[in-house]
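Peer 1: Turn these sequences into a full structure, and let the hints guide you.
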Amino acid sequence: MADAANLQHTNNGLRQAPPTHFLVVAYGIQSHINPAQDLAHRLACIDTSVMCTLSTHAAAHRRMFPSLASPDEETTDGIISYAPFSDGFDDRSKLSMLSDEERARSRCASFESISSVISRLAAHGRPVTCIVCTMAMPPVLDVAQKHGIPLAVFWNQPATVLAAYYHYFHGYKEIFASHASDPSYEVILPRMQPLCIHSLPSFLVDTTNSKLSSMVIEGFQELFEFMDREKPKVLVNTLNGLEAATLTALQPYLQEC
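Just so you know, we're using our numbering here: the sequence shown kicks off at 1 and counts up by one.
Heads up, a few of these hints could be off.
What the hints assert, rightly or not - Listed next, with one range per pair, are the computed distances between beta-carbon atoms: (1) Thr76 / Pro190: 40 to 46 Å; (2) Arg62 / Ala244: 39 to 45 Å; (3) Gln251 / Gln30: 26 to 32 Å; (4) Asp38 / Arg107: 37 to 43 Å; (5) Ile79 / Arg107: 26 to 32 Å; (6) Arg191 / Ser49: 36 to 42 Å; (7) Gln251 / Thr76: 35 to 41 Å; (8) Arg191 / Ser70: 49 to 55 Å.
Simulated from the structure, these hints should not be mistaken for laboratory data.
All C-beta atoms in this analysis are idealised placements derived from N, C-alpha and C, irrespective of residue type, glycine included.
Peer 2: Below, the structure written as structure tokens:
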């Protein structure tokens, strides 16, 4: 007999609900891939019925699995599956130098490629029921909304960094900017201990007007606008024992997981 928790009501009675399948989409650099892979393994071990697929840029996928017969084929480690996506710049050689037009094309390519991954998984009897993305991946927000799939944001950095970015986009941008050249200046964020300017993420206090900083800030701004609007679950890569005070300070602003 099917578990009642896995049954859905329809006009004609009950039917078996699809098993839980997480698609974890990670930006193609090690500081995103490693935490995302750990999270994917943890999700897959929740229950034997839970499936998890990790998707990252094709260039990273090729480096992770250099012995594959086809460099972009899907594979598995026995616990989770791996399915790459393309952003149109798979050699990753000029990512920080893309023009605005190239960035728009890359976003479109990522959207189409991740959508294709979702379609292939569904065609193989493994429909995605939840998307989890590492921070600052605007194309994944587009995909989740287009396909109507619930999305969770995986903040793969400490909670203190999350707090700094959150408050930057919620009233503290000018304070950060006006003191960016004073590394010893202390910023007092709500309910938190003072943080020196030099302790803040470098993108938030960049004084060089670099294109990379602008690109990163734009991506994060879109992420926080999405979070404000849609109220997704936010998973933070931390421990209560390490950042209990910061997690408590964030609770009034972000949905607790």
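Peer 1: Hint compliance check: list the failing hint numbers for this structure, sorted ascending.
Peer 2: 4
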